[in-house]
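As given, the protein sequences belong to chains A and B, one line each in that order.
Under this note's numbering, read the first sequence as residues 4 to 401, first letter to last.
Under this note's numbering, read the second sequence as residues 4 to 401, first letter to last.
It is worth saying that the hints were derived from the structure and are not from the lab.
Do not take every clue at face value.
Pairs count within a copy or across copies, as identical chains cannot be separated in the list.
What the hints assert, rightly or not - In silico DSBU-like cross-links for lysine-lysine, where the CA-CA straight-line distance does not exceed 35 Å:
| # | residue 1 | residue 2 |
| --- | --- | --- |
| 1 | K33 | K107 |
| 2 | K130 | K261 |
| 3 | K385 | K107 |
| 4 | K11 | K385 |
| 5 | K176 | K53 |
| 6 | K347 | K390 |
| 7 | K347 | K53 |
| 8 | K58 | K261 |
| 9 | K171 | K385 |
| 10 | K53 | K385 |
| 11 | K347 | K130 |
| 12 | K176 | K348 |
| 13 | K176 | K385 |
| 14 | K348 | K58 |
| 15 | K53 | K9 |
| 16 | K58 | K347 |
| 17 | K348 | K390 |
| 18 | K58 | K130 |
| 19 | K9 | K171 |
| 20 | K58 | K171 |
| 21 | K347 | K385 |
| 22 | K176 | K347 |
| 23 | K53 | K261 |
| 24 | K33 | K58 |
| 25 | K348 | K171 |
| 26 | K33 | K11 |
| 27 | K347 | K9 |
| 28 | K348 | K107 |
| 29 | K261 | K171 |
Protein chains: 2
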Amino acid sequence: MTDFTKTKALFQIPEGMIYLNGNSLGPMPKSAPDRILDFMHNEWATDLIKGWNTKGWFMQTNTLGDRIGALVGAEEDSIVVGDTLSIKIFQAVAACLALRPDRKVILSDNGNFPTDLYMVEGLLKLKEAGYDLRTPNPDDVMEQITDEVACVMLTEVDYRTGRKHDMKAIIDKAHAHGALVVWDLAHSAGAIPVDLSGCDTDFAAGCTYKFLNGGPGAPAFIYVAPRLIADVEPALSGWYGHAAPFDFDLNYRPMPNKIDRMRIGTPSIASFAILEAAMDAWDGVDMQALRARSIELMTLFVGEVEARCPGLTLAGPRDMNARGSHVSFRFEHGYPCMQALIAKKVIGDFRAPDIMRFGITPLFLDEDDIRGAVDILSDILKNETWKEERFQTRSAVT
Amino acid sequence: MTDFTKTKALFQIPEGMIYLNGNSLGPMPKSAPDRILDFMHNEWATDLIKGWNTKGWFMQTNTLGDRIGALVGAEEDSIVVGDTLSIKIFQAVAACLALRPDRKVILSDNGNFPTDLYMVEGLLKLKEAGYDLRTPNPDDVMEQITDEVACVMLTEVDYRTGRKHDMKAIIDKAHAHGALVVWDLAHSAGAIPVDLSGCDTDFAAGCTYKFLNGGPGAPAFIYVAPRLIADVEPALSGWYGHAAPFDFDLNYRPMPNKIDRMRIGTPSIASFAILEAAMDAWDGVDMQALRARSIELMTLFVGEVEARCPGLTLAGPRDMNARGSHVSFRFEHGYPCMQALIAKKVIGDFRAPDIMRFGITPLFLDEDDIRGAVDILSDILKNETWKEERFQTRSAVT
Chain A
4 MTDFTKTKAL FQIPEGMIYL NGNSLGPMPK SAPDRILDFM HNEWATDLIK GWNTKGWFMQ
64 TNTLGDRIGA LVGAEEDSIV VGDTLSIKIF QAVAACLALR PDRKVILSDN GNFPTDLYMV
124 EGLLKLKEAG YDLRTPNPDD VMEQITDEVA CVMLTEVDYR TGRKHDMKAI IDKAHAHGAL
184 VVWDLAHSAG AIPVDLSGCD TDFAAGCTYK FLNGGPGAPA FIYVAPRLIA DVEPALSGWY
244 GHAAPFDFDL NYRPMPNKID RMRIGTPSIA SFAILEAAMD AWDGVDMQAL RARSIELMTL
304 FVGEVEARCP GLTLAGPRDM NARGSHVSFR FEHGYPCMQA LIAKKVIGDF RAPDIMRFGI
364 TPLFLDEDDI RGAVDILSDI LKNETWKEER FQTRSAVT
Chain B
4 MTDFTKTKAL FQIPEGMIYL NGNSLGPMPK SAPDRILDFM HNEWATDLIK GWNTKGWFMQ
64 TNTLGDRIGA LVGAEEDSIV VGDTLSIKIF QAVAACLALR PDRKVILSDN GNFPTDLYMV
124 EGLLKLKEAG YDLRTPNPDD VMEQITDEVA CVMLTEVDYR TGRKHDMKAI IDKAHAHGAL
184 VVWDLAHSAG AIPVDLSGCD TDFAAGCTYK FLNGGPGAPA FIYVAPRLIA DVEPALSGWY
244 GHAAPFDFDL NYRPMPNKID RMRIGTPSIA SFAILEAAMD AWDGVDMQAL RARSIELMTL
304 FVGEVEARCP GLTLAGPRDM NARGSHVSFR FEHGYPCMQA LIAKKVIGDF RAPDIMRFGI
364 TPLFLDEDDI RGAVDILSDI LKNETWKEER FQTRSAVT
């Protein structure tokens with residue numbers, strides 16, 4: 004049984020802060036500074052170039068991939084870490100189009116995180132004309148899966164509302180129509196149980212700076228089903244994915260039948276060291292227990308807000324089983340209200356036009372945090388603190 | 004006047020080691036551990052999500068880009084940092100092809116670092132058929148620049164031999180034929196003076212883990228000429244390059260007329276912190292003085308090896324002005340000989356089939372290092388130490 008009072012002690016949360024933004028950037032694991040210092044002093048400084056062998060740097064893409072894989076139901080050797088989520092999405096969708104050359108439709112939805120759509124836009128400009136990127140409402144995705152579709156590309160959990168797609172149902176329908184599916188797990192990995200293998204997933208990608216707590220801009224990951232990998236032609240074909248990277252052949256040959264072919268260029272080993280410390284916090288965490296705890300805390304939060312915070316309306320489904328692990332409320336004064344909350348050290352974030360977003364991360368949140376946050380929110384609303392001029396100006400980065 | 008005894012003191016070199024591999028992975032700047040700890044404790048842990056604003060994380064792509072730009076003769080606001088060199092090369096070549104839609108030839112050479120060729124291979128598979136990637140001998144590049152060529156893509160300094168292309172002459176001829184040029188500065192940035200602006204460069208990309216000492220897998224950078232940037236359509240169109248990334252539009256609009264459009268996904272801020280420390284070591288370093296010192300040390304090294312190490316033959320030009328800042332020798336027993344050297348704490352590396360490679364990095368090397376390395380090399384050759392069985396087996400990563 005996972006003890007969430009123990010996991011809370013693993014993270015550095017500033018004194019007096021209630022951090023409800025672990026869905027955007029996770030807090031620092033207390034062990035991370037020692038781990039990165041160990042890398043600096045006892046790996047880079049001492050081993051220098053030899054570190055690629057002696058310290059296992061070269062294969063950390065895979066060893067870290069397997070640790071993430073354990074949280075998302077992936078087979079061993081089916082995930083590598085590196086690059087950014089945008090790049091990993093590009094790789095996955097490019098692979099789908101190459102595997103379905105006669106189909107010209109990419110089906111996404113208008114709740115997808117925009118960068119996924121942008122990356123596909125860029126990809127389609129590179130390809131010959133005639134492709135069609137469709138972005139219906141999330142609820143209409145199922146009915147738009149047809150024999151025309153090469154690739155369904157979706158983010159499982161909506162970054163704004165928290166609404167969760169039914170992964171298995173979508174994959175089943177897509178496969179019945181001969182389409183492939185790419186899942187963006189940005190708001191899933193470390194947030195909810197994911198069963199990539201059990202759902203017969205084709206491709207998935209995610210980031211490690213949100214629920215996995217790898218630090219700002221921590222590396223992304225990509226999953227390719229073992230049954231597909233031998234046929235995947237990497238579009239971003241870098242030396243790190245070559246069959247024999249140190250032969251320095253002039254022609255690309257992907258690493259045979261291995262996820263390694265999805266590696267591209269030389270990855271940041273410092274960011275891997277920090278991610279290792281972050282993954283240590285997941286040792287022994289049962290994802291079903293995490294989910295139960297997340298639902299418990301989300302239910303408490305929604306109940307308290309609805310009882311004490313007039314004007315705020317729940318966004319996304321009321322059924323907690325149909326959500327990821329963040330809760331959002333629509334409020335017309337959402338932006339200044341969130342600024343007022345942040346000034347009181349309750350950290351959530353705002354997504355245009357009117358969404359106040361709160362990450363519910365059981366690894367380091369408990370009932371006291373939830374109730375404490377609603378106390379402050381309720382107080383801000385009661386006193387209309389959000390009307391203060393200092394909360395009205397928008398900063399460039401929100 | 005740059006004082007290279009002072010810069011040497013800025014780097015952590017293990018006791019008794021002579022490190023001639025700064026062209027592959029630079030040593031750790033002594034200030035880097037404190038800088039990364041400061042990031043961990045006083046940025047990530049304290050500011051959490053707010054750090055994107057309060058600590059300037061969001062624009063470190065550009066502030067670091069400008070610091071690198073100062074070493075390679077770039078205009079302000081013409082370089083951003085992030086991703087890997089493979090990705091940055093892909094972006095640059097894709098941009099060239101979009102700017103020259105009627106031309107179907109990419110001209111490189113067979114001395115280019117293979118990943119650059121691999122990335123173009125992948126790009127051409129995505130594009131409609133009909134493209135031709137040509138890889139003549141380096142000496143034949145000039146004569147193959149014709150009106151058919153969309154893009155000349157070259158690494159300025161050959162990663163094996165150290166031979167340097169004439170950047171200005173190639174750009175001039177390419178421009179006369181209406182072609183664009185992409186330079187890979189992997190073995191140039193921090194190694195030799197580069198005058199991107201003065202040479203009328205179109206695109207360039209480089210890495211920061213070699214001569215710039217940013218650590219294993221440190222971020223790459225890309226340069227786009229200010230006169231071109233408004234017309235560059237990013238093929239890897241991520242949210243970090245969007246005109247208004249926090250508007251979360253469903254459609255991509257590149258940051259208008261700014262190098263920021265070459266940013267893709269969320270970059271590793273930890274790796275930026277380390278790179279900042281590495282760039283501090285370059286403050287006040289005059290690149291002409293560095294070049295003079297590099298030539299002095301390379302001349303000494305070649306002279307000593309040729310006088311005392313029979314069997315080794317200089318690879319690449321004898322004229323030091325026609326080289327980058329590493330020196331290579333061909334030797335049929337190069338692999339075991341390099342292993343024997345490494346066992347004696349003289350660190351160079353080996354590139355198949357027979358090249359022993361030595362980085363000459365004035366920031367942290369002096370005459371004593373050079374002579375000391377040749378003493379040990381000469382001893383190994385004299386005693387045929389390299390014949391020992393332990394030096395014969397090749398490791399996976401060389």
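Right, here's what the structure says about each hint:
no. : hint           : in the structure
1   : K33 with K107  : neither (48 Å within a copy, 54 Å between copies)
2   : K130 with K261 : both (26 Å within a copy, 25 Å between copies)
3   : K385 with K107 : neither (54 Å within a copy, 66 Å between copies)
4   : K11 with K385  : within (31 Å within a copy, 62 Å between copies)
5   : K176 with K53  : neither (49 Å within a copy, 41 Å between copies)
6   : K347 with K390 : within (15 Å within a copy, 70 Å between copies)
7   : K347 with K53  : between (49 Å within a copy, 14 Å between copies)
8   : K58 with K261  : within (22 Å within a copy, 40 Å between copies)
9   : K171 with K385 : neither (44 Å within a copy, 68 Å between copies)
10  : K53 with K385  : between (62 Å within a copy, 26 Å between copies)
11  : K347 with K130 : neither (50 Å within a copy, 53 Å between copies)
12  : K176 with K348 : neither (45 Å within a copy, 60 Å between copies)
13  : K176 with K385 : neither (48 Å within a copy, 71 Å between copies)
14  : K348 with K58  : between (40 Å within a copy, 18 Å between copies)
15  : K53 with K9    : between (37 Å within a copy, 26 Å between copies)
16  : K58 with K347  : between (44 Å within a copy, 20 Å between copies)
17  : K348 with K390 : within (18 Å within a copy, 66 Å between copies)
18  : K58 with K130  : neither (40 Å within a copy, 39 Å between copies)
19  : K9 with K171   : within (33 Å within a copy, 62 Å between copies)
20  : K58 with K171  : neither (39 Å within a copy, 41 Å between copies)
21  : K347 with K385 : within (15 Å within a copy, 73 Å between copies)
22  : K176 with K347 : neither (47 Å within a copy, 62 Å between copies)
23  : K53 with K261  : within (25 Å within a copy, 39 Å between copies)
24  : K33 with K58   : both (22 Å within a copy, 20 Å between copies)
25  : K348 with K171 : neither (39 Å within a copy, 56 Å between copies)
26  : K33 with K11   : both (10 Å within a copy, 34 Å between copies)
27  : K347 with K9   : within (26 Å within a copy, 48 Å between copies)
28  : K348 with K107 : neither (49 Å within a copy, 57 Å between copies)
29  : K261 with K171 : within (25 Å within a copy, 42 Å between copies)
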